[in-house]
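Just so we're aligned, residue 1423 is where the sequence shown starts under the working numbering, counting upward by one.
Bear in mind the hints are in silico, worked out from the structure with no lab data behind them. Do not rely on the hints blindly, as some may be mistaken.
[Unchecked claim] Just the calculated beta-carbon pair ranges, DEER-fashion:
1. D1683 to R1481: 13 to 21 Å
2. E1673 to R1560: 36 to 44 Å
3. R1638 to E1571: 47 to 55 Å
[To be verified] Derived SDA-like pairs (lysine to any residue); straight-line CA-CA distance at most 20 Å:
4. K1676 to F1715
5. K1526 to H1491
6. K1526 to E1492
7. K1676 to E1650
8. K1676 to T1687
9. K1526 to W1631
10. K1676 to R1431
11. K1526 to V1601
12. K1676 to N1692
13. K1526 to Q1602
14. K1676 to W1631
15. K1676 to I1708
16. K1676 to T1665
None of these values were measured; they are calculated from a predicted model. A virtual CB, placed ideally from N, CA and C, is assigned to each residue, including glycine.
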Amino acid sequence: RRAKGATMRIGLVFPQTEIGSDPAVIREYAQVAEGLGYTHLLTYEHVVGVDLAHYPGWRGPYHAGHQFHEPFVLFGYLAAVTERIELVTGVIILPQRQTVLVAKQAAEVDVLSGGRLRLGVGVGWNEAEYVALGMDFRTRGRREEEQIEVLRLLWTQPVVTYEGRWHRLPAVGINPLPVQRPIPIWLGGMSEAARRRAARLADGWMPQWRPTAELRAMVEELRGWVAEAGRDPASFGIEGRLTLAQVPTAEWEKDVQAWRDLGATHLCINTMGMGLAGPREHIRLIRELAGVFGVEPAD
């Protein structure tokens, strides 16, 4: 567990599907969030979405009608218009991307932001997206483990020689290296396989459920696996999530306290799905929420 009295960092989910495409609004949102004292900005990712007309019975939460800004390019922009707020992917679908290119892009964001990137990764659920990107959906979990190893090598060594099942690096390196060596890697995913992978390999875990008794048991189980791997559970991060549209208003503060009690190191607040009239309504709401949740500027 975390030390008693440790402060949980409260950030925001960047409202990907509702922010629109006006760069001025995106800049304003990030700058307001930083000015209010939110500690981090977490963004979802999807490269492509399916056309529902060709996928009868589609059950995925997103499709071609949902807008997603590309996280690394977005963060390059946000790095230039903010100064302190941490930039977090939650999550990059790592096995559908080329590992060495991810290492290069992440390092560049880290350099341009002065060491403010936290890379959340996961294996995803959308097989059509894997097909479109030319990657194998079936081996994604096993490949992710090797990818994490390769990323950390590329971020910490100027030249890397590596022979794995899916990667061959013939004495190559990225330049510039990131400010953080290595960049923190957190894992998403609620399955036992994902949680065991996080316990062995990641710097933190990003659960997607509310802080129920069931989730508390999962977190305790995860901390046990972290210890079994010879690692310190107290230094392992937990990023909680409060999706306002899915939680009754009267229970918002209760959920925040439940995450604190659970020992979460971070919490991100998601304002999407609330029927807000436009992008600037998200800006208005995060101003209101800062007072509700006790968010204050650090200075």
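Hint by hint, here is what the structure shows:
1. Evaluation of the 13 to 21 Å hint for D1683 and R1481 yields a failure: the beta carbon distance comes to about 33 Å.
2. A beta carbon spacing of about 39 Å between E1673 and R1560 agrees with the range 36 to 44 Å that was offered as a hint.
3. In this structure, R1638 and E1571 break the distance hint of 47 to 55 Å, their C-beta atoms being roughly 31 Å apart.
4. In summary, the hint linking K1676 to F1715 is supported, as the alpha carbons are separated by about 11 Å, within the 20 Å threshold.
5. Restraint check: the Cα-Cα separation between K1526 and H1491 comes to about 19 Å, which is no more than 20 Å; the hinted pair holds.
6. Taking the CA atoms of K1526 and E1492, the gap is about 15 Å. The hint holds against a cut of 20 Å.
7. The hinted pair formed by K1676 and E1650 fails the criterion: a straight-line CA distance of about 32 Å is larger than 20 Å.
8. For the hint pairing K1676 with T1687, the CA-to-CA distance comes to about 17 Å; that is within 20 Å, so the pair holds.
9. Restraint check: the Cα-Cα separation between K1526 and W1631 comes to about 32 Å, which exceeds 20 Å; the hinted pair is violated.
10. Between K1676 and R1431, the direct Cα distance comes to roughly 16 Å. Compliance with the 20 Å bound is thereby established for this hinted pair.
11. Proposed proximity of K1526 and V1601 is supported: the alpha carbons are some 13 Å apart, at most 20 Å.
12. The suggested pairing of K1676 with N1692 holds, with an alpha-carbon distance near 16 Å, which does not exceed 20 Å.
13. Of the pairs offered as hints, the one joining K1526 and Q1602 holds, with about 13 Å between alpha carbons and a cut-off of 20 Å not exceeded.
14. Distance restraint check for K1676 and W1631: the Cα-Cα separation of roughly 15 Å lies within the 20 Å cut-off, and the hinted pair is therefore satisfied.
15. For the suggested pair K1676 and I1708, the alpha carbons sit about 18 Å apart, so the restraint of at most 20 Å is met.
16. A distance of roughly 13 Å separates the Cα atoms of K1676 and T1665; the hinted pair therefore holds under the 20 Å criterion.
Going down the numbered hints, you'll see the structure goes against 1, 3, 7, 9, while the others check out.
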